[in-house]
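Asker: The primary structure of each chain is shown beneath.
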Amino acid sequence: MNDEVLIIGGRTFSNRLFTGTGKFADNRLIAGMLASSGSQMITVALRRVDLSAGGDNILDHIPKTVTLLPNTSGARTAGEAVRIARIAREAGCGDFIKIEVITDTKYLMPDNYETLQATEILAKEGFVVLPYVLPDLPLAKRLENAGAAAVMPLGAPIGSNRGLETASLIALLVENCHVPVVVDAGIGRPSHAAAAMEMGADAVLVNTAIATAQDPVAMGRAFSLAVAAGRMAFLAHMAETSALARASSPLTGFLNAVENECHSTRP
Amino acid sequence: MRVTINGKSEQVPAGTIEQLVRQRGLKPEALVVEHNQRIVRQAQWAQVRLQEGDILELLRFVGGG
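Each protein sequence line maps, in turn, to chains L and P. Per the working numbering, the first sequence starts with residue 1, numbered consecutively. Per the working numbering, the second sequence starts with residue 1, numbered consecutively.
So that you can see chain L by itself, here it is in the shape it has in the complex (with noise of 0.2 Å):
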């Protein structure tokens, strides 16, 4: 079957699971998910060095193939999210950037307000911006004008791994955004990853599921096959539903049929 290739800011994706750099119990364990799941992008975050202490490079273990999608986690204004965004881009990691802003520390869902506002700006200057937003559709139309590169609705709290919980309105965004719609946060299971493509995403990000499963490398591939299975069956459009059983074999020419008995008699 053929698919169009993922293309965002200019870079194309065959491979539709984006990943995540967080949570791992060691990041050497990373480069081995990149590769047993093929992520072609992943996410890190930027943070104040430890003095005290020395410290691994996480950027050591990302083959240089892989996409780097800074994100500004830690930002509670459009205002810090743009400042940690282009110290990212100037420190090398290239012009994507996940705008993560979060004011809300209970349920860390993400200030759409704020968000719109760093995507502005940081779209003017030339970044890839994918913003990670509640799901809402005049917001993502917003973000798309504004230029945003992507829209990344979450389908439940950031590491809730709860899955698709706002699917019917992640559905409206996949039905009316021109720009890719990647579902990110909260998708626990490679099914979720798999309905979220069922349903039309693009793509989806999953870090958590992976990262803090027993076996992350094995767990990243099952990511991956869901996703690819997701998307095959997107394109191959799915059987309608139907409430009553739909015989799946011919109810005509039964060995034992009488000429003219009535189907429905048959025990």
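Think of the hints as simulated: they come from the structure by calculation, not from any bench. Nothing false has been slipped in among the hints.
So, partial list: chain P residues that the calculated Cβ filter (under 8 Å) puts toward chain L:
#1 Asn6
#2 Ala30
#3 Val32
#4 Glu34
#5 Glu57
#6 Arg60
#7 Gly63
Residues of chain P placed beyond 12 Å of chain L at every Cβ, according to the derived structure:
#8 Glu18
#9 Gln19
#10 Glu52
#11 Asp54
Here a beta-carbon is modelled for each residue, glycine too, at the ideal position from N, C-alpha and C.
Given the structure of chain L, go ahead and fit chain P onto it with the hints provided.
Answerer: Only chain P this time, still in chain L's reference frame:
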């Protein structure tokens, strides 16, 4: 001389960013330096002399989703 490093006021000897990085034993390849809200690329670290009251942010990429 006092400068602010990562939000903390600290006494440092006079010198450049490069010297400070070396004194602190930080790995340069993983380090991002913001000096008075301006990013200083590694190639320029040896040219930027610290001044009293400077504000430095020493950052690095870490795991995140």
